[in-house]
Amino acid sequence: MPAWKNKQTSIYAGAGHGAQLAKPSSDYGVFWAVALALGANTERLEKMKSQRPTPWPAFTVVPLIVMLLLAWLLLGYAGSRPGAQALPGHSGFSVEYLDDWQEKLILSQVEAIRAEEWTAWPGENVAVSGRTRALWVKVRLHNPSPTTSLEGILENDDYFADQVEFWVKEPTSPPGSFISSELTGEGVPVTDKKFKGREAAISVTLPASTSRLVYVRLENYFNPYARLVWWPDAIAFHEARLRNGLAEGVYLGGILALWGYNVMLWLRLRQPDIGWYAMYLGSMVGFMILARAMLPAVGVPLASPHLEKVLTLMIALVGGSLTQFARVFLEVRTSFPRASIWMQRWGALLVLIAVVSLFVPWVAASGLPLLIVCIGLTHVFLLTVAFCMWRTRRRQVRFFLLSFGCLFAGSLPMVAVWFVDSLYRDVGMRGLMIGSALEMLLLSLAVADRFARAQESLVEETEHRRMIEETYADELEEEVRERTRELQAANADKDRMLSVIGHDLRSPLTGLMRAAEITEGDFSKDAARTSRALLLMIEDLVLWARLRAGKPAISAHPAPLLMAPAVALHQSLAEQADLTLVQEAPADLWVETDLVLTQTLV
Numbered sequence: 186m187p188a189w190k191n192k193q194t195s196i197y198a199g200a201g202h203g204a205q206l207a208k209p210s211s212d213y214g215v216f217w218a219v220a221l222a223l224g225a226n227t228e229r230l231e232k233m234k235s236q237r238p239t240p241w242p243a244f245t246v247v248p249l250i251v252m253l254l255l256a257w258l259l260l261g262y263a264g265s266r267p268g269a270q271a272l273p274g275h276s277g278f279s280v281e282y283l284d285d286w287q288e289k290l291i292l293s294q295v296e297a298i299r300a301e302e303w304t305a306w307p308g309e310n311v312a313v314s315g316r317t318r319a320l321w322v323k324v325r326l327h328n329p330s331p332t333t334s335l336e337g338i339l340e341n342d343d344y345f346a347d348q349v350e351f352w353v354k355e356p357t358s359p360p361g362s363f364i365s366s367e368l369t370g371e372g373v374p375v376t377d378k379k380f381k382g383r384e385a386a387i388s389v390t391l392p393a394s395t396s397r398l399v400y401v402r403l404e405n406y407f408n409p410y411a412r413l414v415w416w417p418d419a420i421a422f423h424e425a426r427l428r429n430g431l432a433e434g435v436y437l438g439g440i441l442a443l444w445g446y447n448v449m450l451w452l453r454l455r456q457p458d459i460g461w462y463a464m465y466l467g468s469m470v471g472f473m474i475l476a477r478a479m480l481p482a483v484g485v486p487l488a489s490p491h492l493e494k495v496l497t498l499m500i501a502l503v504g505g506s507l508t509q510f511a512r513v514f515l516e517v518r519t520s521f522p523r524a525s526i527w528m529q530r531w532g533a534l535l536v537l538i539a540v541v542s543l544f545v546p547w548v549a550a551s552g553l554p555l556l557i558v559c560i561g562l563t564h565v566f567l568l569t570v571a572f573c574m575w576r577t578r579r580r581q582v583r584f585f586l587l588s589f590g591c592l593f594a595g596s597l598p599m600v601a602v603w604f605v606d607s608l609y610r611d612v613g614m615r616g617l618m619i620g621s622a623l624e625m626l627l628l629s630l631a632v633a634d635r636f637a638r639a640q641e642s643l644v645e646e647t648e649h650r651r652m653i654e655e656t657y658a659d660e661l662e663e664e665v666r667e668r669t670r671e672l673q674a675a676n677a678d679k680d681r682m683l684s685v686i687g688h689d690l691r692s693p694l695t696g697l698m699r700a701a702e703i704t705e706g707d708f709s710k711d712a713a714r715t716s717r718a719l720l721l722m723i724e725d726l727v728l729w730a731r732l733r734a735g736k737p738a739i740s741a742h743p744a745p746l747l748m749a750p751a752v753a754l755h756q757s758l759a760e761q762a763d764l765t766l767v768q769e770a771p772a773d774l775w776v777e778t779d780l781v782l783t784q785t786l787v
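For the sequence shown, this note's numbering begins at 186 and goes up steadily by one.
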């Protein structure tokens with residue numbers, strides 16, 4: 186390889202990997218020029234970096250603003266429910282419940298059941314979970330006002346029931362008769378619902394100084410859950426419903442926007458960590474839609490146990506994709522190879538569970554709580570790995586820990602109210618929504634930051650390469666010209682040498698050929714033929730050298746001299762064929778030409 190290529194390759198290798206430049210074997214001036222140019226370029230790049238605003242204010246202020254907005258939107262704006270009254274606790278109100286062990290009772294049969302078989306509601310603002318798949322609740326509503334009637338809403342403050350049916354009747358009406366009824370629930374098609382949406386509620390009119398009986402039947406594949414709320418003002422109920430839908434729409438729209446952005450980013454770059462994060466984000470969106478019963482809100486019925494199947498699928502995908510994302514994003518393989526292998530296997534196992542849950546019913550029915558525990562342990566394990574990765578000083582580890590901190594801060598209230606007080610389940614779920622939104626936002630910022638830093642590295646490397654190419658352009662051009670002159674001189678020497686050799690060999694070969702021609706015998710004839718062939722080759726060689734040199738030797742020659750060598754060359758062949766070669770040219774005719782080229786042509 187030429188020396189200039191060796192120098193260029195070594196410089197490129199140093200610039201590409203941040204190594205120190207090695208001195209070329211020669212041309213120290215060029216080396217120091219390149220070194221000074223690299224130093225100036227490095228200073229310029231560092232100045233450009235210092236002029237860029239640091240991303241940390243964006244990574245702290247933006248999530249803080251988002252957290253405050255979400256807290257106000259989900260807990261303050263949507264969580265405000267003025268006018269809702271938990272039952273019982275009001276004058277003339279009473280609530281009783283009854284487990285339907287046969288799961289086949291109808292309204293007239295329930296009305297015929299004796300009063301002592303009903304169980305009084307445990308207390309105000311208390312939830313009851315049925316021991317069978319069907320639970321009956323009897324509510325007595327009373328309007329103490331002697332002049333004003335009430336247009337209220339009776340609501341079961343829980344979204345997760347396959348079917349909820351209401352009957353409103355007068356206390357003195359015969360069994361089986363009712364004033365109005367309502368059918369709703371997660372498994373009821375939207376066309377069969379009078380009260381559209383996910384809320385299980387019925388409108389009740391209470392005339393002045395009257396009472397109404399409301400029978401409620403709750404049916405669920407798993408045990409039904411009942412917590413009754415009375416809204417004396419129906420407008421307040423619809424306003425709260427509107428606020429809740431608006432807040433969750435904003436939340437879901439933001440998450441979907443993040444998911445769409447990361448999907449497009451992965452389609453453009455095809456980076457593994459972005460792909461796993463997009464899968465994690467998509468599965469989290471699916472989990473939130475199911476956990477907040479948003480499918481019935483848009484008219485898609487999905488009841489148990491199919492709901493639990495899809496929930497199991499989403500939760501398993503959340504854990505599996507998050508594990509794989511953490512393994513690639515944190516670069517665990519470089520620092521903890523064995524942990525990386527176990528994370529890969531665990532993520533694959535969770536994805537396998539997700540697929541199996543769609544086809545094996547008992548996995549969704551009995552494995553969902555266990556899977557939730559496994560996902561919790563997965564988060565603890567990933568958090569431990571991130572703490573262990575802290576000593577590697579990788580920038581993305583800090584983002585990962587910060588995002589997980591937000592998720593844990595949001596999930597702890599959910600865990601507490603789930604196991605301690607189910608009445609605040611909705612509040613805990615909203616806290617989980619806030620924490621998960623902050624986690625997904627921070628991880629999106631981390632992915633974007635890593636992509637931006639990769640771009641900066643590529644720009645710096647390109648700048649180094651461009652500077653090196655500009656520095657070496659003139660030097661390389663001069664070396665090419667020098668090599669070209671050397672090659673041209675070598676070719677000219679070779680052509681001159683070939684011309685001299687041709688001239689030196691032509692004369693003795695001509696004499697040898699003529700001597701062989703006048704000598705008798707086969708050997709002489711062979712020698713003459715061989716000499717003639719060699720002479721022709723030498724003439725061609727001399728001619729090629731003249732053509733390469735591009736300098737014909739023009740001089741004046743008599744015409745007989747131009748043809749005499751050709752006649753002598755073929756004289757013996759003519760005699761063997763009994764032919765006579767005759768040369769007829771005026772002796773006083775002179776020609777200005779290149780003697781060798783003309784004799785070769787003749």
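It should be emphasised that the hints constitute simulated quantities derived from the structure, not laboratory data. Incorrect hints may appear among the rest.
[Claimed, not checked] In silico lysine-lysine, PhoX-like type, Cα no more than 25 Å apart, as pairs:
1. LYS381 x LYS354
2. LYS289 x LYS378
3. LYS323 x LYS381
4. LYS379 x LYS289
5. LYS289 x LYS354
6. LYS378 x LYS323
7. LYS379 x LYS323
8. LYS379 x LYS354
9. LYS378 x LYS354
10. LYS323 x LYS354
11. LYS323 x LYS289
[Said to hold, decoys possible] Derived Cβ-Cβ restraints for the label pairs, each shown as a range:
12. CYS573 x THR245: 55 to 61 Å
13. PHE566 x ARG299: 52 to 58 Å
14. THR245 x ARG666: 54 to 60 Å
15. GLY484 x GLU281: 32 to 38 Å
16. ALA753 x ARG666: 47 to 53 Å
17. ARG638 x ASN676: 50 to 56 Å
18. ALA738 x ASP773: 18 to 24 Å
19. GLN529 x GLU288: 41 to 47 Å
For glycine and all other residues, C-beta sits at the position ideal for the given N, C-alpha and C.
Hints, verified against the model:
In summary, the hint linking LYS381 to LYS354 is supported, as the alpha carbons are separated by about 22 Å, within the 25 Å threshold. Of the supplied pair hints, the one linking LYS289 and LYS378 holds, its CA atoms being roughly 22 Å apart against a limit of 25 Å. A threshold of 25 Å between alpha carbons decides the hint, and for LYS323 with LYS381 the separation of about 23 Å falls inside it, so the pair holds. Note on LYS379 and LYS289: the hinted pairing holds, with a Cα-Cα distance of about 23 Å set against a maximum of 25 Å.
In summary, the hint linking LYS289 to LYS354 is supported, as the alpha carbons are separated by about 21 Å, within the 25 Å threshold. Our distance criterion of 25 Å between C-alpha atoms is met by LYS378 and LYS323, whose separation comes to about 21 Å. Between the alpha carbons of LYS379 and LYS323 the distance comes to roughly 21 Å, so the proposed pair stays at or under 25 Å and holds. Restraint check: the Cα-Cα separation between LYS379 and LYS354 comes to about 18 Å, which is no more than 25 Å; the hinted pair holds.
For the proposed pair LYS378 and LYS354, the alpha carbon gap of about 19 Å is at most 25 Å, so the pair holds. Only pairs whose Cα atoms come within 25 Å are accepted, and LYS323 paired with LYS354 is accepted, the gap being roughly 11 Å. Proposed proximity of LYS323 and LYS289 is supported: the alpha carbons are some 17 Å apart, at most 25 Å. Take CYS573 and THR245: their Cβ atoms lie about 25 Å apart, and the range 55 to 61 Å is violated.
A hinted range of 52 to 58 Å holds for the C-beta pair PHE566 and ARG299, which are about 56 Å apart. A beta carbon spacing of about 59 Å between THR245 and ARG666 agrees with the range 54 to 60 Å that was offered as a hint. Between GLY484 and GLU281 the Cβ separation comes to about 33 Å, which falls inside the hinted range of 32 to 38 Å. Taking the beta carbon of each, ALA753 and ARG666 are about 48 Å apart, inside 47 to 53 Å as hinted.
Checked against the hint of 50 to 56 Å, the C-beta distance between ARG638 and ASN676 comes to roughly 54 Å, which is consistent with it. Checking the proposed 18 to 24 Å range against ALA738 and ASP773 shows it holds: the Cβ atoms sit about 23 Å from each other. A C-beta distance of roughly 46 Å is found between GLN529 and GLU288, which places it inside the suggested range of 41 to 47 Å.
Of the numbered hints listed earlier, the single one contradicted by the structure is hint 12.
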